[in-house]
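Student: For the record, the sequence lines run as chains Y and P.
Be aware that the first sequence starts at 1, since it is given in UniProt numbering, and climbs by one per residue.
Be aware that the second sequence starts at 1, since it is given in UniProt numbering, and climbs by one per residue.
These are computed hints drawn from the structure, not numbers from a lab.
Hints are supplied without guarantee of correctness; some may be wrong.
With a straight-line Cα cutoff of 25 Å, these simulated DSS-like cross-link-like pairs (lysine-lysine) come out [what the hints assert, rightly or not]:
1. K447(P) x K39(P)
2. K132(Y) x K342(P)
3. K322(P) x K115(Y)
4. K342(P) x K100(Y)
5. K132(Y) x K115(Y)
6. K132(Y) x K111(Y)
7. K447(P) x K125(Y)
8. K291(P) x K115(Y)
9. K170(P) x K117(P)
10. K291(P) x K82(Y)
11. K342(P) x K111(Y)
12. K127(P) x K82(Y)
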Amino acid sequence: MEKALGYGNDLNLKATELRLGLPGTDEVEEQAVSNVRNKRPMPEASMAEECGGNGKSDAEHETAPPAKTQIVGWPPIRSYRKNSFQAKKGEPEGPGIYVKVSMDGAPYLRKIDLKVYQGYPDLLKALENMFKLTIGVYSEREGYKGSEYAPTYEDKDGDWMLVGDVPWEMFTSSCKRLRIMKGSEARGLGCGV
Amino acid sequence: MDSEWKRFRDSPNSEELTRRSSFPDEVLERVLSLLNSHKDRSSVSLVCKDWYNAERWSRTHVFIGNCYSVSPEIVARRFPNIRSVTLKGKPRFSDFNLVPENWGADIHAWLVVFVVKYPFLEELRLKRMVISDESLEFLSVSFPNFKSLSLLSCDGFSTNGLAAIATHCKNLTELDIQENGIDDRGGSWLSCFPESFTSLEVLNFANLASDVNFDVLERLVSRCKSLRVLKVNQSISLEQLQRLLAHAPQLTELGTGSFSQQLTSHQDEELKTAFSNCKNIHTLSGLWDVKAIYLPTLYPACANLTFLNLSYAALQGGELAKLLVHCPQLRRLWVLDTVEDKGLEAVGLNCPLLEELRVFPIDPYGEEIAHEVTEAGFIAVSNGCRRLHYVLYFCRQMTNAAVETVVRNCPNFTHFRLCIMIPGRPDYTTNEPMDEAFGAVVKTCTKLQRLSVSGLLTDLTFEYIGKYAKNLETLSVAFAGSSDWGMQCVLEGCPKLRKLEIRDCPFGNKALLSGLEKYESMRSLWMSACNLTLNGCRALAREMPRLNVEVMKEDGSDESHADKVYVYRTVAGPRRDAPPSVLTL
Numbered sequence: 001m002e003k004a005l006g007y008g009n010d011l012n013l014k015a016t017e018l019r020l021g022l023p024g025t026d027e028v029e030e031q032a033v034s035n036v037r038n039k040r041p042m043p044e045a046s047m048a049e050e051c052g053g054n055g056k057s058d059a060e061h062e063t064a065p066p067a068k069t070q071i072v073g074w075p076p077i078r079s080y081r082k083n084s085f086q087a088k089k090g091e092p093e094g095p096g097i098y099v100k101v102s103m104d105g106a107p108y109l110r111k112i113d114l115k116v117y118q119g120y121p122d123l124l125k126a127l128e129n130m131f132k133l134t135i136g137v138y139s140e141r142e143g144y145k146g147s148e149y150a151p152t153y154e155d156k157d158g159d160w161m162l163v164g165d166v167p168w169e170m171f172t173s174s175c176k177r178l179r180i181m182k183g184s185e186a187r188g189l190g191c192g193v
Numbered sequence: 001m002d003s004e005w006k007r008f009r010d011s012p013n014s015e016e017l018t019r020r021s022s023f024p025d026e027v028l029e030r031v032l033s034l035l036n037s038h039k040d041r042s043s044v045s046l047v048c049k050d051w052y053n054a055e056r057w058s059r060t061h062v063f064i065g066n067c068y069s070v071s072p073e074i075v076a077r078r079f080p081n082i083r084s085v086t087l088k089g090k091p092r093f094s095d096f097n098l099v100p101e102n103w104g105a106d107i108h109a110w111l112v113v114f115v116v117k118y119p120f121l122e123e124l125r126l127k128r129m130v131i132s133d134e135s136l137e138f139l140s141v142s143f144p145n146f147k148s149l150s151l152l153s154c155d156g157f158s159t160n161g162l163a164a165i166a167t168h169c170k171n172l173t174e175l176d177i178q179e180n181g182i183d184d185r186g187g188s189w190l191s192c193f194p195e196s197f198t199s200l201e202v203l204n205f206a207n208l209a210s211d212v213n214f215d216v217l218e219r220l221v222s223r224c225k226s227l228r229v230l231k232v233n234q235s236i237s238l239e240q241l242q243r244l245l246a247h248a249p250q251l252t253e254l255g256t257g258s259f260s261q262q263l264t265s266h267q268d269e270e271l272k273t274a275f276s277n278c279k280n281i282h283t284l285s286g287l288w289d290v291k292a293i294y295l296p297t298l299y300p301a302c303a304n305l306t307f308l309n310l311s312y313a314a315l316q317g318g319e320l321a322k323l324l325v326h327c328p329q330l331r332r333l334w335v336l337d338t339v340e341d342k343g344l345e346a347v348g349l350n351c352p353l354l355e356e357l358r359v360f361p362i363d364p365y366g367e368e369i370a371h372e373v374t375e376a377g378f379i380a381v382s383n384g385c386r387r388l389h390y391v392l393y394f395c396r397q398m399t400n401a402a403v404e405t406v407v408r409n410c411p412n413f414t415h416f417r418l419c420i421m422i423p424g425r426p427d428y429t430t431n432e433p434m435d436e437a438f439g440a441v442v443k444t445c446t447k448l449q450r451l452s453v454s455g456l457l458t459d460l461t462f463e464y465i466g467k468y469a470k471n472l473e474t475l476s477v478a479f480a481g482s483s484d485w486g487m488q489c490v491l492e493g494c495p496k497l498r499k500l501e502i503r504d505c506p507f508g509n510k511a512l513l514s515g516l517e518k519y520e521s522m523r524s525l526w527m528s529a530c531n532l533t534l535n536g537c538r539a540l541a542r543e544m545p546r547l548n549v550e551v552m553k554e555d556g557s558d559e560s561h562a563d564k565v566y567v568y569r570t571v572a573g574p575r576r577d578a579p580p581s582v583l584t585l
């Protein structure tokens with residue numbers, strides 16, 4: 001278990017260290033655990049006021065869960081239970097179609113299995129739940145009306161497409177990743193360009 | 001009676017004794033023999049010398065919560081007539097790989113004493129102990145009356161040890177092998193039960209991976225007419241399950257095997273019939289690889305179900321909902337978070353008698369999060385299940401408001417274990433710490449005995465715990481707190497605290513030493529990845545000679561840093577079987 005720097009110490013010297021490169025990009029994953037321990041409630045609250053809701057700044061990225069870094073013995077699940085599910089990853093129905101989902105303004109991405117959803121309404125509902133937003137109603141002419149978010153995806157050719165235009169099966173086989181666009185960018189895509 | 005004569009002989013002046021006590025000894029012993037709870041017996045033994053003696057002669061079952069708190073010789077000296085022993089060994093965090101492999105808790109030293117002092121031993125129940133195949137063989141040949149073996153979270157043995165038990169224990173009624181670090185070398189151990197063997201009442205091999213010989217199993221089940229608990233492993237198919245049920249409709253607890261074979265409609269009907277003949281099933285588990293289309297075969301057996309363990313069955317919310325409609329008597333439910341909030345809503349709607357809920361994560365490392373439960377599901381359960389008093393909930397997001405609502409709906413929590421899997425995660429809607437959530441828990445739930453906290457927490461959480469959690473016995477803390485003050489609040493404020501386990505918190509020597517007088521009234525304290533130093537631990541060990549202070553060091557850590565510390569009270573002195581990586585100060 002690595003010892004955190006500045007543990008229990010008010011001076012977070014590393015943050016004021018002079019160095020090249022963007023703040024928050026250095027050792028984010030390994031330090032994320034120790035940063036979390038150093039976190040004081042006050043700075044969190046003031047950041048929330050600045051950025052509001054889900055729109056977190058880069059600095060807050062350091063409190064994001066290090067999904068790739070595994071902490072020993074965490075979460076507290078007995079080894080037996082963990083192992084019995086890891087063994088199931090190769091299921092007979094075939095592998096899932098896992099795609100990354102990003103949302104403008106969110107600090108970290110999510111991943112979903114497209115195979116799990118029955119169709120577009122199912123998928124959109126899941127995205128709404130996951131990111132706590134409303135996506136609006138799809139129309140061929142105008143894209144997603146009624147909200148400032150539009151779900152888009154990158155297809156096999158590398159183009160960014162609006163979710164919903166092609167039949168579901170074609171979508172799941174060609175979708176490489178999803179991105180929930182926000183604001184004017186989103187509206188631009190819907191305007192039948 | 002042998003024991004009575006011995007007692008008479010041992011007492012200094014038997015006539016004087018009879019004159020002094022209010023009841024004749026025979027009556028007192030008779031009355032005390034009806035006491036089962038070891039806590040009651042402890043209280044009884046403190047009344048006076050007569051009661052202490054009567055109690056020790058009449059005790060047949062001894063419970064030892066920490067195998068190093070006492071030695072087998074001391075136990076045998078005090079209790080001459082023991083038939084059943086329960087022993088717990090390693091600290092609980094060993095379940096999560098935080099305790100070194102060879103730390104200790106080997107049962108053998110105990111068996112060696114038991115074979116002399118308790119030759120008629122009937123039952124051994126072990127949790128987090130190390131037991132070798134040699135020990136299992138020794139056990140099986142040394143105790144002719146041996147009836148019942150239960151191993152939970154143990155390690156050090158293989159299926160060869162089970163073979164020895166099956167071969168030699170002629171009077172075996174119970175073999176319960178759960179979630180152990182067992183070296184599985186195949187299923188042939190099951191074939192070691194002799195054909196003449198018929199006394200089995202409990203058989204649980206659910207967590208063993210290897211195939212067993214089904215014919216052998218079927219014959220065993222059909223000739224053991226008193227079998228009431230049967231939990232098979234994944235190798236048993238649905239078709240095989242049907243045949244087992246046909247032989248044992250009297251079962252009260254069933255653990256199925258795999259629930260996913262392709263059945264013909266005839267086989268489906270047969271299975272349904274088999275389940276409908278099982279009128280006494282109150283506990284159901286297993287259901288590995290469950291295919292929801294086969295769940296309706298279970299429905300006829302669910303009318304009296306009180307405990308449903310779906311923690312190895314990846315069901316969707318809708319599938320769970322359909323099943324729960326048939327389980328009106330449910331008191332305890334364990335599920336995976338694949339059921340999502342939708343499934344938990346169904347729990348709230350269909351299980352008004354629910355007392356215990358455990359929700360486990362299918363994907364604890366969050367590699368591919370396709371399903372999870374949130375605060376909404378937690379609230380939904382609390383709305384419908386007002387009798388809920390035990391919860392274990394794994395999630396990735398929670399809010400203070402949600403927890404406040406939950407405990408307002410269910411103020412009777414005795415066990416509240418909330419695990420927000422992202423360390424240090426605040427209330428995701430307000431970005432505030434989760435202090436108020438746990439504050440609400442301890443303020444509202446006055447009967448709270450066990451608490452596990454998580455999320456972003458400051459010292460305020462621990463101030464609340466110290467101030468309000470007056471019945472708290474077990475507290476688990478990880479990645480929380482701001483300073484020594486937090487831990488001090490708990491040590492000063494919780495009079496009934498017995499077990500405190502802490503990891504990755506900014507608590508140091510000052511906090512450790514503030515509990516100097518407290519630790520003798522507790523079973524144990526665990527602190528890992530905190531701010532303790534060897535000197536602090538030495539100071540504790542010096543002041544409190546009746547505590548064992550063990551320090552485990554990690555490779556490459558600072559010389560003076562005490563990486564993992566385990567403190568426990570003991571009358572047996574420092575242990576002599578510690579490996580080199582464990583320093584007893």
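Student: Which numbered hints are broken by the structure, listed smallest first?
Tutor: 7
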